[in-house]
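Student: Protein chains in written order, with the numbering used here: chain A, 25 to 317; chain P, 115 to 811.
Bear in mind the hints are in silico, worked out from the structure with no lab data behind them.
Cβ coordinates follow ideal geometry from the N, Cα and C atoms, glycine included.
Hints are not guaranteed to be accurate.
Computed from the model, here is a short list of chain P residues facing chain A with C-beta under 7 Å [said to hold, decoys possible]:
hint : residue
1    : Ala176
2    : Pro180
3    : Gly204
4    : Thr211
5    : Arg215
6    : Lys547
7    : Ile548
8    : Phe760
9    : Val761
10   : Tyr762
11   : Glu788
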Amino acid sequence: MLAPDFCDQEYTAEVLRAQGRTDLIVDGIARLTVERGVSEQIESETPPPATILHSFAASRKAYHRTSRTIEVRGEGVVTVPRTKTIRGEQHFLYDVIISQRGPDVLVAVPYHRLAESFFVRIDKALAGRRAVYERLDITKLVVKLGQTGVAEVADVSGTRKLQIGLTRCHVAYSDVQGGSRDLQHLLMSGSQLGASDVYRYVVAPILNPGSYRLQVTPILLGFSLFVDGARRTSAVTDRHGNFKLWIGPGATRVQRLFSLLDAIGSMAGIISTTSNLPILQSRAISEAEAERP
Amino acid sequence: MGRVAERSATRVSFTRYLVARHTETDRWCVSLSESSPFSADEVPLTRGVALRYSPIFCAYLAPDQPAPAFPSTPTSIAFFFSRRPHNALGRIRPLLTEKERELTYFTQGLASILCLNCKLQRAKDLSMSMGNVPLEYWPLTSGELDPRRAVVEVPPVGEVPPVPSLAMTGADQEVLIYVEQIKACMATLWHSYKTHNPEELVTLARLTMLTTEILKEYRDLSQRKPADVDCSLATVKGKNALSAALVELAGSLSYAVTQGASGSSPILLNPSPFPHFSLLGIGGEVRALNKFTRYLEKAFSVRDAAKVIFRVYSDKEIPITPNISGYRSGKDYKLDLASEKLREFDRGGELPEDDEVPLVAYFSLRYGFKESKFSLTAASETLTDEVSPQWTLMTLSHEIMHNRVREIFQALFGTDWDNDRDPISLQNYDAFKIWYERGSAAPACDLAQGLRNAVLNFCVAMDRLEAKPIKSERGSATELGIPYGKLNGIYGRNRPRATELFVHFHDYYFTYASQPRLYAMSLWGSWIKVAAPYARPTDYLVRTLATLASGTGLEPSPAFEHARDILDTALGALERSGVSSPLFDEIRSLLNAEEVRPYFYASYYLIDQVSRYFSSPTIRSGIDGIDGDPFAAGLTLTDEYSANVFVYGEDDEEERASPIRYCLASLVKVLRAETPIKDRLWLTAWNALVISSQEVQ
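Hey, can you work out the whole structure from these sequences and the hints?
Tutor: Here you go:
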């Protein structure tokens, strides 16, 4: 069972899409880690099945503020981050979650700063393997979700009611014609933004850009998957392909994240790929926090 | 594989030099080095060998990583002639292994990307992945190239119309040589552009039309039978002006050929005239110049200044005060951009330019940043140090604005395309005199006349300030006291000052998006390398202050204080970023000198009129728009612009970065010492790579 050391905080993640053998991608990433666990197959709500691998990134640099203790099944009380001496030097061990389903590979690590260095190493290790990064066109997503901020998506099983809803919206204002910078940014968060009148007002210039002097551009979105009205999982993303999400104990949330991406992918034109490493364009998301589902 | 140079963790340069030396066996010895062949004391040319070289730049960098190792004697080189190299690098990135990435470079030439040590088939595959771009492949044996073994693959170009015809029949013998030169340049450029720069074919077609027009006028003048001496003089003058235009066209097109078309395939047969870029040329840099220029030209083409003046301002009565000493500015002059959608210049319906002639852009060591009627030059230093405030491409915008302002002056004072320097007409003199002497009691005049009056009023005021020791000629406080002939002289002397105020406002408002501190820093950062500000510091100071004060709507004295504070802060910021000059101390002392104020007041009066009647949110939105800018990500602030050296172009057709915004962001990063790497030549080439890859048309 997946039991990350840092499951009390959000993880920074990227989703890679492989054009060849996905197992080589997973293997390439895993080679950069230590204390590698055993790859587990997790039950998936929709096929294909997913696998998950819990491992650790070893770092001489500390990304945490303080060490603390947690109780781990079978290990007792453990101080995290764990440490390991490698080539005579003490290294801190931070969780690396690698999950694969179909052509998609999700990699998640705690601490944005760690992601900034570790994802660059991954990118280097995967060079030549035709791996690209998935990203969401968040402007199109806002448009598809409309003023209500909610859209129904198709359920493969046909037995449930699936909905995508917005939980966080960070928009930038620009007065292109007037050049005014009276209002620059606006951040809204909640369990269902579409239920608020304010949200409708905020996104109106995105939905009907020709009718407004101000240009409003979403730069960060938080969205959730609702199954029969109950929130199942959520994530935050910017327009470059950086994600923030919670990974609790057990693989459920990772598996649900794939369901969330499936649901978004069922809306045409939202998911695209880029060869640029998202973490290198991460100004807006670096300080963002993912919602606890 | 060749010998791998020793890797050094402290290496900070990401620039390498590709060197080709001609051997006695008619082969070329090709090598890579960390420094230019001329950086050593011993100059290889003295040995009598032909040598060509160009800087090349590591294409794929990662944060905090040292420069990759490079083979000093490569086994092969594949040159890719991508027109959008920034995007091509993005396309092939996932396909390249880590080793291949380390051996991939970009250049400033038409062969914009090169890969070392790759097999021919691999090169062909990469060429296809880049979008089937032309490829030249050099197989090397022990670092030697037998040119006969080089492989050149140029994919067929789609349907391209033939070179536009330029009839030479009937052309006067005197101008025939220029016409022939223009035709030859057109043919060479047409051939090169259809492969390497197809967007510029339109420019060539328009220049051909212009040449035909000039020739026709020249022929008409030649056939005219002058009635008297005056008429005969006017004819000669007209013919001289027309032949000067042909000379300028021929000259600038020659530069376009030597700079823009050299470095094409086969590379060794098309050397560049720039010795330090002799192998690959600067075709990519010239393409960047063109993209920058076309971007601004396109934005301005939505409102034709001459049409606005002739059709709208000539039909509109808005009084302008002749009283400079009593001028107060006020809310009508405040650029309250948030509350006002359209300005005077935007009113009167759609008035697009329909016969604009694109400027021919090239680099010049001699002229530096300069603009003339048909061409535009950027300082050659921009090729190696564009990231410094002194040589930033942003300076080019000032020169482009000169072209726009020439159109305005031509519409206000001229009669046809070359008469903007003609004396003011008697009719305009009379109108000015009445307006000047009667003030608000003068008969109402249209806004075009009002603007003419304001310019002349400024010229008179400046002339009187210059002639301070001499007693005023005015008979009374309200009398002009200047005869027609003398006014022409005053206008001639002070017209450049008036022009500069127009230009500065346009540059500040349209290009710099009215960011006063950044504008002041950019101006004075570049002026420390120019002789004129040292010779005439007051002039340069006054035009800066007037620009910074424009659009504030403040009364002159507070406006002066406002501008002075901004300039003082800007100079301090420049010094903190390492840009300093004794000129700054001189400027600071002048900021407190009382004699500067009268010049400022006259300048403020004029620039306020420019600001009120030539500001245009319609044009500005086209320049500063962020709709499709992939680096803007919806952010309006320059420091949040996401363009960085680790990000490559995307294939999204809707995404177009603004060269202006990109250059500004780059300049800001340099001024704040926030660039992730310190190799200035690399950063310079990178900026050109990004700008040259943008679709503008």
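Student: Each hint needs a verdict: does it hold in this structure or not?
Tutor: To see whether the hints hold, each was checked on the structure:
At its closest, the beta carbon of alanine 176 of chain P sits 5 Å from a beta carbon of chain A; the interface hint therefore holds under the 7 Å criterion. Taking 7 Å as the C-beta cut-off, the interface hint given for proline 180 of chain P is violated, the closest approach to chain A being about 13 Å. Below 7 Å, beta-carbon pairs count as interface contacts, and glycine 204 of chain P has one with chain A at about 5 Å; its hint therefore holds. For threonine 211 of chain P, the interface hint holds, since its Cβ comes within 7 Å of a Cβ in chain A; the closest pair sits about 3 Å apart.
Here the hint on arginine 215 of chain P is kept, as its CB sits about 6 Å from the closest CB of chain A, short of 7 Å. Restraint check, lysine 547 of chain P versus chain A: the minimum CB separation of about 39 Å is more than 7 Å; hint violated. Below 7 Å, beta-carbon pairs count as interface contacts, and isoleucine 548 of chain P has none with chain A, the closest being about 38 Å; its hint is therefore violated. About 4 Å separates the beta-carbon of phenylalanine 760 of chain P from the nearest beta-carbon of chain A, less than 7 Å, and the hint is met.
The interface hint given for valine 761 of chain P holds, since its Cβ lies 5 Å from the closest Cβ of chain A, which is under the 7 Å cut-off. The criterion of a C-beta within 7 Å of any C-beta in chain A is met by tyrosine 762 of chain P, whose closest approach is roughly 6 Å, and the hint holds. Checking glutamate 788 of chain P against chain A: minimum C-beta separation of about 12 Å lies over 7 Å; hint violated.
Of the numbered hints given earlier, the model fails hints 2, 6, 7, 11; all others are met.
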